[in-house]
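Enquirer: Listed below, chain by chain, are the residues.
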Amino acid sequence: MRIVNKLLQLSRWIDAVSEWVGRVAYWLVLAMLGIGCWNVVGRYIGQLLGRSFSSNSLIEAQWYLFSFIFLLGAAYTLKHNDHVRVDMFYARWSNKRKALANLVGTVWFLLPFCVLVIMFSWKVILASWQSWEMSPDPGGLPRYPIKSMIIVSFVSLIAQGVSEGIKAIALLTDHLPPPAEPHRAEIGSANESDLGGQP
Amino acid sequence: MSAIADWLGPAMFAGALLLLSLGYPVAFSLGGVAVLFALIGISLGVFEPVFLTAMPTRIFGIMNNFTLLAIPYFIFMGSMLESSGIAENLLETMGQVFGRIRGGLAIAVVVVGALLAATTGVVAATVVTMGLISLPTMLRYGYNKELSVGVIAASGTLGQIIPPSIVLVVLADQLGVSVGDLFIGSLIPGLLMAGAFILHVVVIAIVRPDLVPALPPELLAVQGKRLLLKVGQVMVPPLVLILLVLGSIFFGVATPTEAGALGALGALVLAWANGQLSVKSLREICDRTLRTTSMVMFILLGSTAFSLVFRGLRGDRFINEALVNLPGGQVGFLIVSMTTIFILGFFIDFFEIAFIVVPLFAPIAEQLFGFDRLVWYGVIIGANMQTSFLSPPFGFALFYLRGVAPPEITTGHIYRGIVPFILLQLVVLVLIIAVPQLVEMLL
Chain R
1 MRIVNKLLQL SRWIDAVSEW VGRVAYWLVL AMLGIGCWNV VGRYIGQLLG
51 RSFSSNSLIE AQWYLFSFIF LLGAAYTLKH NDHVRVDMFY ARWSNKRKAL
101 ANLVGTVWFL LPFCVLVIMF SWKVILASWQ SWEMSPDPGG LPRYPIKSMI
151 IVSFVSLIAQ GVSEGIKAIA LLTDHLPPPA EPHRAEIGSA NESDLGGQP
Chain A
1 MSAIADWLGP AMFAGALLLL SLGYPVAFSL GGVAVLFALI GISLGVFEPV
51 FLTAMPTRIF GIMNNFTLLA IPYFIFMGSM LESSGIAENL LETMGQVFGR
101 IRGGLAIAVV VVGALLAATT GVVAATVVTM GLISLPTMLR YGYNKELSVG
151 VIAASGTLGQ IIPPSIVLVV LADQLGVSVG DLFIGSLIPG LLMAGAFILH
201 VVVIAIVRPD LVPALPPELL AVQGKRLLLK VGQVMVPPLV LILLVLGSIF
251 FGVATPTEAG ALGALGALVL AWANGQLSVK SLREICDRTL RTTSMVMFIL
301 LGSTAFSLVF RGLRGDRFIN EALVNLPGGQ VGFLIVSMTT IFILGFFIDF
351 FEIAFIVVPL FAPIAEQLFG FDRLVWYGVI IGANMQTSFL SPPFGFALFY
401 LRGVAPPEIT TGHIYRGIVP FILLQLVVLV LIIAVPQLVE MLL
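Residue numbers (the working numbering), protein chains in the order written: chain R, 1 to 199; chain A, 1 to 443.
Honestly, I wouldn't trust all of these hints.
Unchecked claim - Derived Cβ-Cβ restraints for the label pairs, each shown as a range:
id, chain 1, residue 1, chain 2, residue 2, range
1, A, A434, R, P142, 51 to 57 Å
2, R, Y44, A, A273, 22 to 28 Å
3, R, P142, A, W7, 42 to 48 Å
4, A, P49, R, R92, 38 to 44 Å
5, R, L49, A, A14, 57 to 63 Å
6, A, T339, R, L49, 53 to 59 Å
7, R, Q9, A, P49, 35 to 41 Å
Think of the hints as simulated: they come from the structure by calculation, not from any bench. Computed from a predicted model, the values in this text were never measured in an experiment. Ideal placement from N, C-alpha and C gives every residue a C-beta, glycine not left out.
Please model the complete structure; the sequences and the hints are all you need to start from.
Expert: Rendered as structure tokens:
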């Protein structure tokens, strides 16, 4: 089926973008660490020397980075299957059954949830742009870029959801070999049927 | 009509538990259930979509929540220490120190478990490391199988309750108490649990010495001064880090978030001093921090959508009325809330419980016990969940241990071995409930 192969091509594109965004985003952890330490140390040294080394913009930068990390990392984490699952049953299922669960979950849970968030958020975010909203604190950062990240995050999740859905369909229709790589989310699950089976 | 409206909230709760078992990621399942029940509510005319307009404000509130900022710092610190081989060094050295007495290896496991809990707090990693390093040694030298696996699984979960732990950060945020207070409050209960485990091993060493033999002398290669030096080398760095992080919180020098940032830096420096820091390891740790942070935060976002709809369907009022009118007042509420959390702990992860169930219980706990007792209530929840994670058949710690245990260890050994430790934890839990001063004396 050519259509599935076409779709797989799209899926690879989406995966590549998510991967790239995630790889950039995880280095922000170091930036967040640096700024966090600077804010504490700067506060104390500042008290000693009687001048301020921290500022509202640096304090806000810390949670801006935090938001960037988890909002931009969401699609990447989904791609790597690191969003935690309740895998009592899931862990014991065959690859095809897992793919079916993922397809159903994507269509019924992930996509509607993302649409819901975007639907109820875009007006607030647009208003923030229209008024060039700034932090209420002196010297703070502009708010409109960070608020826009909500939209960016959930749109990227929709894209990654589409990609996961395509991969699930391809696996169900034998266009894709079953995944070989085990991941952290399923540590120990190889023995799980053993665990559940005994009294 | 109104009968349906009344039951839609509870049905949503039950529906969520059912749909979660499909195995799709929790964060999005919760969000999906929210959409589903919002649509059902709208079609029945009992849900106002206006409730959902609070969504962007809630998300934004989560983004700039200063408490939750501590999460990536503590994850970074834990992963960094874990990858720098601190657990392995501690286990080997402590085994040398305690191995010469009966029951010593088991005591070493408890001590290292408590130390790791206070530094990394990563339950899965602790259980896996101890299962890989200590379990084979214990078995080779004739330790009882049940006791060996029991002590490892139990000590590995101490990270839930011994501060600083992400579990306590999240719990504090949901209860509306200060993280520092919850850290301080859980210190004595956490140490009590570790103490109870050690006492249990000591009693066994006296009553049934054959179950916990001492290591043969030829194995204890390092002696005297050299051993002392080695102990200093492996103990000092983590102890300094614990003092740095917990000390600065306890004495009010830094907020938990600030202490987390400094602790993460400290872990980075330690790894560098051990020669374990490379671009590759740094990249892996940043990667893991991003994934875990994103996972936790999106469960919170999913739960937020869930609780907005749940509230719109007046599910919270239903639960509130049911719980406030429980027979037995305070005691009745404690029994019901703790049993609920304990049972849910078999099936779902800590974060789902913290983000969905705890907000339902918190206002009632405040109403019944007063705000000052919320820290105590939080510590009980933490201790309760730790016990729940150890309980067969679904305890998480048991799965992790099963994954790395040698083949001669059967599931039966693990189940039987963990029972005494669950009982010990329940004793400590009852003790904390009966004597709130254990939590509050340091506050």
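Enquirer: Tell me the numbers of any earlier hints that the structure contravenes, in ascending order.
Expert: none
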